[in-house]
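Peer 1: From these two lone chains plus the hints, build me the complex, please.
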Amino acid sequence: MEIIVYGTINSVILSLTALGFTLVYSIARMPNFAHGALYITTGYLAWLFMNKFGSLPYPLALALAIGITAAIGALIYRFILIRIRGMEISEIIATYAIGLAILEGLRWGGLRGMTFTLPPFITGSMNIFGVSVDYQRLLIVVAGIGIFATLYLFTHFNKVGLALRGIAQDERAAMMLGIDSDMTAIISLALGSGLAGLAAVMLLPLGNIIVEVGYNVLIFAIAVSVIGGLGSWGGTILASFIIGFAQILTEAFLSSQYQMVVALLAIIITLLIKPSGIFGKQKELEERV
Amino acid sequence: MEMMRKERIDRGVRVRTAGLYAISSWREMLYLMGPPLFLIIGMIVLPVILELAPYWKRVVNIVCVYTLLALAFDFLANFVGLVCLGGAFFVGIGGYLSAIFNVYLHFPVYLSIPLATIGGAVISTLLLMPALPLRGVYFAIVTLMYPLLATRVIEALNIFGGTNGIIGLDSLPNVYVEHYLIIIATLIFLYGLRRFVNQDMGLVIRGVKDNDQAVRASGISVTRMKAFAVFVASFMGCFAGAYISHMYSWAGNSLFALDFSIIPIASVVIGGGGTLLGAVVGSFILVPVSELLRNFGTFRIVIYCVILTGFIVFKSEGIMVYVMRKYHQFERWVKV
Chain H
10 MEIIVYGTIN
20 SVILSLTALG
30 FTLVYSIARM
40 PNFAHGALYI
50 TTGYLAWLFM
60 NKFGSLPYPL
70 ALALAIGITA
80 AIGALIYRFI
90 LIRIRGMEIS
100 EIIATYAIGL
110 AILEGLRWGG
120 LRGMTFTLPP
130 FITGSMNIFG
140 VSVDYQRLLI
150 VVAGIGIFAT
160 LYLFTHFNKV
170 GLALRGIAQD
180 ERAAMMLGID
190 SDMTAIISLA
200 LGSGLAGLAA
210 VMLLPLGNII
220 VEVGYNVLIF
230 AIAVSVIGGL
240 GSWGGTILAS
250 FIIGFAQILT
260 EAFLSSQYQM
270 VVALLAIIIT
280 LLIKPSGIFG
290 KQKELEERV
Chain V
200 MEMMRKERID
210 RGVRVRTAGL
220 YAISSWREML
230 YLMGPPLFLI
240 IGMIVLPVIL
250 ELAPYWKRVV
260 NIVCVYTLLA
270 LAFDFLANFV
280 GLVCLGGAFF
290 VGIGGYLSAI
300 FNVYLHFPVY
310 LSIPLATIGG
320 AVISTLLLMP
330 ALPLRGVYFA
340 IVTLMYPLLA
350 TRVIEALNIF
360 GGTNGIIGLD
370 SLPNVYVEHY
380 LIIIATLIFL
390 YGLRRFVNQD
400 MGLVIRGVKD
410 NDQAVRASGI
420 SVTRMKAFAV
430 FVASFMGCFA
440 GAYISHMYSW
450 AGNSLFALDF
460 SIIPIASVVI
470 GGGGTLLGAV
480 VGSFILVPVS
490 ELLRNFGTFR
500 IVIYCVILTG
510 FIVFKSEGIM
520 VYVMRKYHQF
530 ERWVKV
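Chains as they are written, first to last, in the working numbering: chain H, 10 to 298; chain V, 200 to 535.
Treat the hints as calculated values from the structure; they're not laboratory data.
We put the beta carbon where it would ideally sit given N, CA and C, even for glycine.
One or more of the hints may lead you astray.
What the hints assert, rightly or not - Derived DEER-like restraints, expressed as beta-carbon distance ranges:
id, chain 1, residue 1, chain 2, residue 2, range
1, V, Y309, H, F88, 13 to 23 Å
2, H, A80, V, G496, 41 to 51 Å
3, V, Y303, H, F163, 50 to 60 Å
4, V, N494, H, P68, 37 to 47 Å
5, H, D179, V, Y309, 53 to 63 Å
6, V, G496, H, V270, 26 to 36 Å
7, H, F88, V, K525, 22 to 32 Å
8, V, G391, H, A158, 52 to 62 Å
9, V, F498, H, T126, 18 to 28 Å
Isolated chain V, as found in the complex (with noise of 0.2 Å):
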């Protein structure tokens, strides 16, 4: 009996927009930039489109900030090597401070947002500090109490409003710069990690992944990298939760809310881990999806969790890989 396999070849296109050729032909200049120019300017127009459906504008909002999120764990788990199972935490710690910032110290939003983003990532980093000198499970273990505690601490405490949360926070100025914050910051977000984890400290901290033996041989701080790319993080993280909380009004106990950690991680596991732009696909489906089954309530998380599981454990690559594959690489039998 003949044997077949299968054999799986690079584009020609893919091989020639590799060198010079690549600014050659329209054909191949598309094939470069097509798909980022379709997800830079539809992100773009999303708003203008959804004009016909205001209440689906709003989930644009909420999509982005769960890329944020969906960001911060991947380039956490797949770029560093920490499982952060808390992102509710950033996202908490944000929205809180901005709202300290705005109600309680009266400072105007373009000032509360900024303040709180670079602040919370401060106090994220430095309250994940204990976990990070330490591989394997301390990380995700110290996360996952994080957020479940704080919304005790605040309840039993009864700061910050306690179990009502601090309202009359400002809202954003208009529509347009509610949306497009959120939407330009994604991008920058996306565009600059992918930058950054191709430069010298990002290639160091995904050394720190690899192998922090290596790292360490080099003389350089496994411990000191490990905690600027959890600032990282929980900056973006951070800026989510600052800018939900102004989006709302509201800053409470909810910002700690499960759905804020399981979500992007579901969003990644779905989208494909590592690629950082599987991370905004995920949102992309997993966001309106959550918002369809909004009468569920809490039946949402269980189905993010199978939805999770399964991805895990029979398509581990994630629908971004999957269609970069295909992309740029073509298929076919061949005899053994």
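Only chain H is shown next, with the shape it has when bound in the complex (with noise of 0.2 Å):
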């Protein structure tokens, strides 16, 4: 039972961290690799605000927090990666350099040890089906579950939502009835980085707040995102389960550190298997050889 709960708990999570690369991807054609770094700046500003500008309120200042990291990606966008688009090499390089310089600027910044943290939202605990979880977890799962619908919402009944489909379907198309796909692509990098900062603000009370999660975040986002196909939705949701419920399992019966060594076998597999992941049929014949 207790696998199951956290198993499903830890699926959730997953698909949290990996929604935002996944959107990026699937409407600005782009590998964010800046993925991590912009989950790690979120909690780190809403650390700053809380503790070093004035102390503002929790909410508040997770509010700013996710507001600043999404204008961060629209900046990004908008003044480096419009430049190099379409540049497969330069886009790839550039987006990690970035990220990469985020994540070092912070380490070198202090942010390491046990300082930097979050309180949970609410404290306490619950016990469900006799396994004993707490609040925050709890709140998680209703969260995520609420982001989804959010979003599926926000794509299917709303006019610029319905242009991000647009662009990620056909992008051609998509520019002759009038839609600015170079917006978009501002449009979906904020959303990506805000998703990314929301994921962060839920996840990061339930640990500190340190650079390394913000490569283990980019890692498992990619593998996430691979496994279900690259920019397909249902598919990352899929495979955050499939890969959530693996990492629970190798942590009961082996051992927590193999968690790493899990995603990237799934990586492999899913690779030589199903090379474009478990729902990415529409870019099957682009991207194979």
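Peer 2: Next comes the structure, spelled out in structure tokens:
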């Protein structure tokens, strides 16, 4: 029972971290290697607002941090990525370099150790099917479902959301219908960074804000997106459940240090058997040589 | 108003040296042979000159190690179309393998370095194999993950000395062997690679980058070509790793460090991608700078990343392409 409950929680956590990455890739067709860096940035900003700059109330600090991260994402696209769009090698190198610069800059600035923590939203715990779960984790599951539902509604019943989907499906046709490709890319990067930030403020209260978390988040986000099929949202959710449960099982029967290995093995097996991922149907022809 | 535009024309000496005239005068010969001879002789005398500043002698070795990695990155990115974000993985594999051969199996240095180079190249190629039949970002993703994972696996399983690493490797016989082994290897790899990309197999490999369907339609397996290219690149990387582990007499987790991944990328972007020489120029600029900034710790990586992003956005051709254009051509304003 414990495995099922914690497996579900872990899966929702994973899909939350991967959502931003998948969103940016599916719309702007850009692998955002700065994803983990933006995640940590949000946590650090929230911490700064609460502890250094006049100790803002918790919800305000979180909202500000998420807003700033989204703005950073949009600015990164507007001033850097827009100039190298379509040059695949440069895109990869540039996003990777930006991510590294942020992460290593924070590490240099002293972001390590146990001092940087965010408090949980609600403390306390309750029993579900005889397993004790604290409220923060429950909240993550509820909020995760809420975020998915909001995103679904946004992309299906909102003009901007529909434009994003249009660009994702067929960029040229969408541009013919008057959808600005660069504008949607800016929105998608802002949205993706905001989602990374949202995931960060929900998940970081469970642990410390340290730089290594940034790398972990990036790796798991990528693993989940690759296995689900890059740019496919349904696949992302399914893949995060696969990896989430696989991780909890390895933790229960082997040791938690093997979690990374599980992710890597899952990627390699996916690439060998079904390279486009579980739901990566539409791009199968494009990507396979 | 009179409109002017800039015109670029090949220098006379360049046109003349393209034909038989090249051997008719010293000036033309110097024009052709000067730059490569300057590089080769310069690199060979460098350790002798630096007798005056012993600290910097070691830096030459490190520059050459990074040059090898940068060459590997440039070759993969600009000739094969695979972006390798984890040069550290090759270094780590090569370093650990030569440590295993040397410390655990007691092979001498002149056996452990070549064995580690070849063995490491085979292992890395096999490990990267799953990502090769695919286009797009998969290769970048997999190479990004491997070095990060390798350190964790080594720590978690506590193999190969765990966090302490393997100590007590034989060092190279003497200082001059230490210098000239890596310098001559760098020169061989540089000029060998420059030849290779213009020969039959190299042309096919470049074809893989430009139009893989055409290569496939010619009855050549794209995956096999990519695998061979990865083998060549990882061969250089593993050699660098095996060398560096013997130089420090130590193989540890820091062989998988980010520096080995990001500095070569930065060197290539700064030096000029697709020229191979640019990789050398970039490393000769960046690595000494990195030594000067040693006190800044991880802040160095931030500096590289900023420089890197700046070059990619504002000066994507790099230094070498610019210099070569100035060397071969002159510019003038003409009326439209």
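Peer 1: Hint by hint, note whether the structure agrees.
Peer 2: Now for the hints, and whether the structure bears them out:
1. Y309/V - F88/H: 13 to 23 Å: 52 Å, violated
2. A80/H - G496/V: 41 to 51 Å: 29 Å, violated
3. Y303/V - F163/H: 50 to 60 Å: Hint holds: Cβ distance 58 Å, inside 50 to 60 Å.
4. N494/V - P68/H: 37 to 47 Å: Distance hint for N494/V, P68/H holds at roughly 41 Å.
5. D179/H - Y309/V: 53 to 63 Å: 59 Å, holds
6. G496/V - V270/H: 26 to 36 Å: 29 Å, holds
7. F88/H - K525/V: 22 to 32 Å: At 29 Å between Cβs, range holds.
8. G391/V - A158/H: 52 to 62 Å: 58 Å, holds
9. F498/V - T126/H: 18 to 28 Å: With a Cβ separation near 24 Å, F498/V and T126/H satisfy 18 to 28 Å, so the hint holds.
The structure is inconsistent with the numbered hints 1, 2, although it conforms to all the rest.
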